[in-house]
Structure formats: structure tokens, C-alpha cells
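> Use the sequences and the hints to build the structure in full.
Protein sequence lines, in the order shown, are assigned to chains G and B. Be aware that the first sequence starts at 13, since it is given in the working numbering, and climbs by one per residue. Be aware that the second sequence starts at 13, since it is given in the working numbering, and climbs by one per residue.
These aren't lab readings, by the way, just hints derived from the structure by calculation. Treat the hints with caution; some may be incorrect.
[Stated by the list, open to error] Quick list of simulated restraints, FRET-style, between CB atoms: (1) B:D133 <-> G:R179: 48 to 56 Å; (2) G:A39 <-> B:G177: 33 to 41 Å; (3) G:D224 <-> B:R179: 36 to 44 Å; (4) B:R119 <-> G:E34: 49 to 57 Å; (5) G:L289 <-> B:R119: 24 to 32 Å.
[Stated by the list, open to error] Listed next, the stretches of chain G that the computed footprint assigns to chain B, with coverage defined by at least 3 CB atoms under 8 Å from CB atoms of chain B: (6) 80–91; (7) 111–120; (8) 279–290.
Keep in mind that this is a model prediction, so the values were computed, not measured. All C-beta atoms in this analysis are idealised placements derived from N, C-alpha and C, irrespective of residue type, glycine included.
Chain residues, written in single-letter form:
2 protein chains.
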Amino acid sequence: MPRIVVLSGGVGGGRFVRGLAEVVDPAELTVIGNVGDDLEVLGLHVSPDLDSILYGLADLGDEERGWGRADETWHALEEAARLGGDAWFRLGDRDIGLHLVRTDALRRGEPLSAVTGRLADALGVRVRLLPATDDRLRTWIQTAAGDFPLQEWFVARRHRDEVDGVRFEGAETARAAPGILAAFGDARLILIAPSNPYISIWPILAVREIRDSLERRAVPCVAVSPIVGGKAVKGPADRMLARLAGGTAPAHVTQCYEGLLDALVIDEADAGSVDGLAVRTIVTRTLMTDAPAGRALAEAVLASAS
Amino acid sequence: MPRIVVLSGGVGGGRFVRGLAEVVDPAELTVIGNVGDDLEVLGLHVSPDLDSILYGLADLGDEERGWGRADETWHALEEAARLGGDAWFRLGDRDIGLHLVRTDALRRGEPLSAVTGRLADALGVRVRLLPATDDRLRTWIQTAAGDFPLQEWFVARRHRDEVDGVRFEGAETARAAPGILAAFGDARLILIAPSNPYISIWPILAVREIRDSLERRAVPCVAVSPIVGGKAVKGPADRMLARLAGGTAPAHVTQCYEGLLDALVIDEADAGSVDGLAVRTIVTRTLMTDAPAGRALAEAVLASAS
Numbered sequence: 013m014p015r016i017v018v019l020s021g022g023v024g025g026g027r028f029v030r031g032l033a034e035v036v037d038p039a040e041l042t043v044i045g046n047v048g049d050d051l052e053v054l055g056l057h058v059s060p061d062l063d064s065i066l067y068g069l070a071d072l073g074d075e076e077r078g079w080g081r082a083d084e085t086w087h088a089l090e091e092a093a094r095l096g097g098d099a100w101f102r103l104g105d106r107d108i109g110l111h112l113v114r115t116d117a118l119r120r121g122e123p124l125s126a127v128t129g130r131l132a133d134a135l136g137v138r139v140r141l142l143p144a145t146d147d148r149l150r151t152w153i154q155t156a157a158g159d160f161p162l163q164e165w166f167v168a169r170r171h172r173d174e175v176d177g178v179r180f181e182g183a184e185t186a187r188a189a190p191g192i193l194a195a196f197g198d199a200r201l202i203l204i205a206p207s208n209p210y211i212s213i214w215p216i217l218a219v220r221e222i223r224d225s226l227e228r229r230a231v232p233c234v235a236v237s238p239i240v241g242g243k244a245v246k247g248p249a250d251r252m253l254a255r256l257a258g259g260t261a262p263a264h265v266t267q268c269y270e271g272l273l274d275a276l277v278i279d280e281a282d283a284g285s286v287d288g289l290a291v292r293t294i295v296t297r298t299l300m301t302d303a304p305a306g307r308a309l310a311e312a313v314l315a316s317a318s
Numbered sequence: 013m014p015r016i017v018v019l020s021g022g023v024g025g026g027r028f029v030r031g032l033a034e035v036v037d038p039a040e041l042t043v044i045g046n047v048g049d050d051l052e053v054l055g056l057h058v059s060p061d062l063d064s065i066l067y068g069l070a071d072l073g074d075e076e077r078g079w080g081r082a083d084e085t086w087h088a089l090e091e092a093a094r095l096g097g098d099a100w101f102r103l104g105d106r107d108i109g110l111h112l113v114r115t116d117a118l119r120r121g122e123p124l125s126a127v128t129g130r131l132a133d134a135l136g137v138r139v140r141l142l143p144a145t146d147d148r149l150r151t152w153i154q155t156a157a158g159d160f161p162l163q164e165w166f167v168a169r170r171h172r173d174e175v176d177g178v179r180f181e182g183a184e185t186a187r188a189a190p191g192i193l194a195a196f197g198d199a200r201l202i203l204i205a206p207s208n209p210y211i212s213i214w215p216i217l218a219v220r221e222i223r224d225s226l227e228r229r230a231v232p233c234v235a236v237s238p239i240v241g242g243k244a245v246k247g248p249a250d251r252m253l254a255r256l257a258g259g260t261a262p263a264h265v266t267q268c269y270e271g272l273l274d275a276l277v278i279d280e281a282d283a284g285s286v287d288g289l290a291v292r293t294i295v296t297r298t299l300m301t302d303a304p305a306g307r308a309l310a311e312a313v314l315a316s317a318s
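Spelled out as C-alpha cells, the structure:
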């Protein structure tokens with residue numbers, strides 16, 4: 013029975029989940045993936061975070077590029093671009109194969125959680141991966157230049173606009189995907205992956221039923237900070253923390269999860285800046301440079317929580 | 013101004029159209045393509061005949077295979093198949109790029125004729141290619157084993173079931189695509205490509221406005237027989253003619269176009285079986301083994317009609 017619930021974004025979260033799946037029975041794990049950065053491009057429903065997690069667990073991801081499929085080709089997108097189609101969001105041919113299957117299933121009325129389960133089964137993934145919600149929930153980035161859908165800001169505008177805030181379209185009415193509330197009920201541990209709090213974890217917490225489950229938890233909730241030495245490993249998490257929380261110290265990370273955390277796992281490089289931290293800290297090496305590092309981080313987190 | 017209108021199916025018709033475009037100004041040609049074998053597969057709207065014509069004219073087709081794109085890869089379909097998606101209809105990666113652009117445009121409400129025009133422009137094709145109709149029109153094959161959508165019978169069942177009849181779903185209400193009636197009005201010559209009469213040309217003629225235009229024509233209409241020496245060059249045209257028209261002689265081909273033809277172009281191999289033929293015959297070599305052969309056929313047809 014799944015006993016560990018992980019809230020996760022894409023790349024960093026995916027690596028962490030992969031490390032976890034190597035140190036506990038994968039069937040013990042329920043991963044709740046962010047869908048706030050899902051998008052429709054060329055008519056395809058793309059779920060970048062779910063796919064990063066899935067590709068990581070199935071050992072199909074491109075480790076060097078950090079996203080998408082290994083041994084990928086780009087012929088469909090090249091052709092679409094030549095014919096006037098949208099090509100700003102990079103979709104490889106193998107990746108498109110998955111998006112076609114998912115999009116077709118969604119159009120036939122299958123919920124995203126059911127499709128995701130089928131895809132995971134087909135790829136031999138034993139971790140249970142659930143989207144935060146089957147309902148439409150989309151992250152919008154508020155900037156001085158206007159509000160943008162997450163991927164447009166992140167990819168097309170290369171996250172150059174400073175972020176004044178985030179909002180989650182559809183969150184008011186979104187229900188937790190089937191299986192999530194039961195997973196919280198059975199859990200002996202809740203983990204928050206080292207993902208960007210604002211655009212990877214908040215969209216999950218924006219689902220009322222999920223936030224409620226965390227607030228009422230009877231088991232520990234431990235977050236892994238996405239910050240190493242005051243900097244984001246990848247992406248704009250540090251810039252967003254500095255602007256929206258006032259800094260990139262561990263205390264600024266915990267501010268993002270007020271009332272939801274029992275402990276924060278931080279990197280050795282940040283051990284000197286734990287002033288004002290209201291939760292227990294666990295100091296370890298959090299940089300997942302390779303698979304063994306991901307496993308070691310997972311082991312440290314589990315050891316601290318047990 | 014386009015002065016020649018050609019009714020065409022996919023592969024054989026596409027070769028003929030390509031030959032024509034090499035011997036007259038492509039801007040003189042309006043090609044009306046069959047859409048009866050269009051299908052939705054993996055959520056993609058595929059128009060096999062329009063695409064065969066387009067790929068031929070843009071010199072992108074795989075000459076050896078006879079369909080699809082040259083230098084093609086199959087990664088998206090491989091992946092879709094592994095994930096439980098439909099893979100009975102072979103779609104290559106470059107081909108999928110085009111289907112994505114078309115499907116997305118159709119979902120946004122752009123008519124098929126407009127999308128097709130954009131695709132042709134993007135590929136530098138100067139021939140005007142129009143679908144017979146922007147409305148949904150689908151060919152069904154009636155057999156002892158039941159009725160099948162064209163592609164299911166042709167591809168998935170490998171046209172093994174003998175055909176008792178064909179019907180065209182949606183034909184009653186289908187309107188000719190914009191530009192078709194004007195093209196007939198301006199035409200000095202109407203040609204019917206060497207395509208399967210029943211499943212490539214009849215679905216075009218099933219559009220009432222198109223059949224009416226042909227019946228009321230003031231200019232010659234010349235068909236090229238798809239039969240060489242009593243056999244189809246490719247596909248089931250000979251079996252269908254034998255069963256539905258009683259034979260594969262030129263007279264059986266003209267039966268398919270009763271009241272619509274002024275002349276029939278036949279192969280030298282069929283010159284001895286013109287008994288009972290009510291229209292003028294033009295005897296030449298109709299087998300388009302290569303591009304020069306396609307050009308020669310086009311020249312012979314145009315010479316006979318002028």
C-alpha cells in the first residue's frame with residue numbers, strides 16, 4: 013500500500029522521485045504532479061511535469077538536456093514549423109507519440125488521472141503518479157508586462173519578466189484527482205520535492221482538498237529546499253523567492269509553505285543561514301548531479317523523517 | 013487564370029497531376045482532391061489523397077514506397093503504439109507534422125480548403141489544390157462482412173473483402189468547396205485522373221454541385237483509365253470493376269462515368285478491347301513508371317484534347 017506521498021514539479025522533482033523509487037518499494041510511493049503548466053500546443057495536450065516524472069522513472073529521459081526524451085528526433089516539429097504551425101514549445105517525435113495518445117484519450121472523455129495511469133503502466137512505472145487534479149487548472153504569471161500563461165512566460169519569454177505574483181485559473185473549483193485524498197489518509201510521510209514553490213508546488217496546493225489534507229495531516233510533512241547556496245539549481249526559483257519572499261534563505265522557502273511543514277531539508281551550503289527558521293532543519297547534500305546523488309538525497313530525507 | 017480542372021485521387025492521380033504541372037503552367041491547374049478516405053487517427057485529421065497530391069507536387073513524397081514522405085522516421089507512431097495508441101495507419105514523423113498543423117487549424121474552425129491552400133503555399137506548390145468539399149464526406153465500403161470506413165477496409169483489412177457497393181456518408185448535404193464551381197466555369201478542359209473510379213472519383217462526384225457542373229459542362233471532359241492490360245496498376249480497381257461493372261475493359265471504365273465523359277485515354281495494352289465504347293478513345297502509354305512517363309502521359313492527354 014502506498015505510504016509516502018510526494019508533491020512534485022517536473023525536472024528537479026522528477027529526479028528526487030526517481031531517487032526515492034530506488035530506495036523504497038516504488039509501490040509505496042504516490043506522486044502528485046503539478047498540472048499548472050500543462051498546455052495545448054499544436055492541438056496536443058502536453059503535461060510537462062507529469063512527463064518529466066514519467067520519463068525519469070521509466071529511464072527514458074534525456075539526462076543532459078534535462079527535459080524530454082533521450083534519442084529524440086524533431087522531424088514533426090520541423091515540418092509543422094515549415095507549414096506555419098507553432099514551434100516555440102520544443103516537442104520531439106517520441107514525445108509527440110505520448111502527447112497524441114493522451115490528447116486523443118482526453119478528447120474521448122478519459123480523465124487525465126486515468127490516462128496518466130495507463131501511460132505509467134505501459135512504461136512499466138510502478139510508482140503511482142497522479143495529476144493534482146483532473147480539472148483544468150492553469151498557472152498564470154503576473155508581471156509588469158502583463159499576465160502570461162506559465163509556459164509562455166517560461167519558454168517563449170525565457171522567464172525574463174520579473175514576477176509580481178502567480179494565480180491559478182480554475183483552482184476554486186478544481187477537485188483533487190481520484191486517489192489523492194485516500195493516499196493522504198494512508199500516508200506515513202508527506203514529502204515536498206525540491207521544486208519551485210511558486211510554479212510547481214503552489215499550483216498543487218491551490219487545489220483546496222489537497223491543501224486541507226496537508227493542513228490536517230497526522231503525519232510529518234518534509235520539504236526539500238530547491239535552493240543550494242542561495243541559488244536555484246535551475247530556473248527562476250531564486251529570483252522569485254528574492255522578489256516575492258524577500259530572500260533565498262531557508263526561512264524564505266518555509267514561508268512559501270506556512271503551516272504545512274514539519275521539517276525542511278537544506279543543502280550544506282545553506283546551513284549557516286537558518287536564522288528565524290520555525291521548523292526543524294535537516295542538513296545534507298541536496299544537489300542531484302547524478303543518480304547516486306538522487307538516491308543519497310532520498311535516503312537522507314527518509315532517514316531524517318523516520 | 014486556372015483553365016484546367018482535374019478530379020483526382022491520391023497516388024496515381026498525384027503522379028498524373030505532377031506530370032501535368034510539368035507541361036503546363038501550374039497556375040493553370042485546379043485539382044479537386046478526394047476527401048472520402050479522410051480519417052481521424054490518434055486524434056489527427058488525415059487527408060491521404062490531398063497529401064499524396066501535395067507531397068508529389070512539392071517533390072517530398074517517397075517514390076519507392078508510393079505514399080508518405082521521403083526521408084521519413086516513425087518514432088512518434090512507435091511510441092504511440094507502445095503506449096496503447098492506434099498504429100494500424102502508418103504515420104511518419106514528418107507526415108505527422110503536417111497533420112498536427114491541419115488538425116489544429118480545423119479545430120479552430122478553419123475550413124479544409126483554406127488549410128489546404130496554406131499548406132500548399134508553405135510548400136511552394138503553385139497548383140491550386142481544393143478538397144471536393146469542406147463538409148464531412150466519408151466513403152463506406154459495403155461487403156458481406158459488413159460496412160467499413162474506406163481506410164479500415166483498405167488498410168486495416170487490406171481490401172480483402174469483395175466490394176458489393178460504396179456509399180458516401182454526408183454527400184447529400186455536402187457543398188463543393190469554395191472556388192470549385194468558378195473553376196468549372198472558367199475551365200477549357202476537365203480531366204479525370206487515372207484513379208480508382210469507385211473510391212477516388214465517385215466520392216468527388218457524390219457532391220451534387222460537382223456532378224451537376226460536369227453534367228452541364230460546355231468543355232470536354234477526358235478521363236484517363238486506371239487500367240493497363242485489364243489490370244489495375246495498384247490497388248483493387250480491377251477487382252472492383254470486374255465485380256461492380258462486369259469487367260475491366262475500357263467500356264467498363266466509362267460506365268462508371270456515364271454522361272460525364274467525352275473521351276477516354278487508354279493504354280496501348282487495352283487498345284484491342286474497345287468494343288461497345290460510346291466515347292472517343294485516345295490510345296497512349298498510361299503507365300507512369302517515372303516522372304518522364306508522367307509528363308509524356310500528360311502531354312498525350314493535352315494534345316488529344318486540344
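> Do three or more residues of the segment 80–91 of chain G come closer than 8 Å to chain B, measuring C-beta to C-beta?
Answer holds; 7 residues pass the 8 Å Cβ test.
> Using C-beta distances, would you say chain B covers the segment 111–120 of chain G, given that this needs three or more residues below 8 Å?
The restraint on the segment 111–120 of chain G holds, since 5 of its residues have a Cβ under 8 Å from chain B and three suffice.
> Can the suggested window of 48 to 56 Å be confirmed for the beta-carbon pair B:D133 and G:R179?
violated (40 Å)
> Just to make sure I understand the rule, a stretch counts as covered if three or more of its residues have a C-beta closer than 8 Å to a C-beta of the chain. Does the segment 279–290 of chain G meet that for chain B?
Per the Cβ count (0), the hint is violated.
> Verify the CB-CB distance for B:R119 and G:E34 against the hinted window 49 to 57 Å.
violated (42 Å)
> Can you let me know if the beta-carbon spacing of G:A39 and B:G177 is within 33 to 41 Å?
violated (55 Å)
> Between G:L289 and B:R119, does the beta-carbon spacing fit 24 to 32 Å?
With a Cβ separation near 50 Å, G:L289 and B:R119 fall outside 24 to 32 Å, so the hint is violated.
> With respect to the beta-carbon atoms only, verify the hint that G:D224 and B:R179 lie 36 to 44 Å apart.
violated (57 Å)
Checked against the numbered hints listed earlier, the structure breaks hints 1, 2, 3, 4, 5, 8; every other hint is satisfied.
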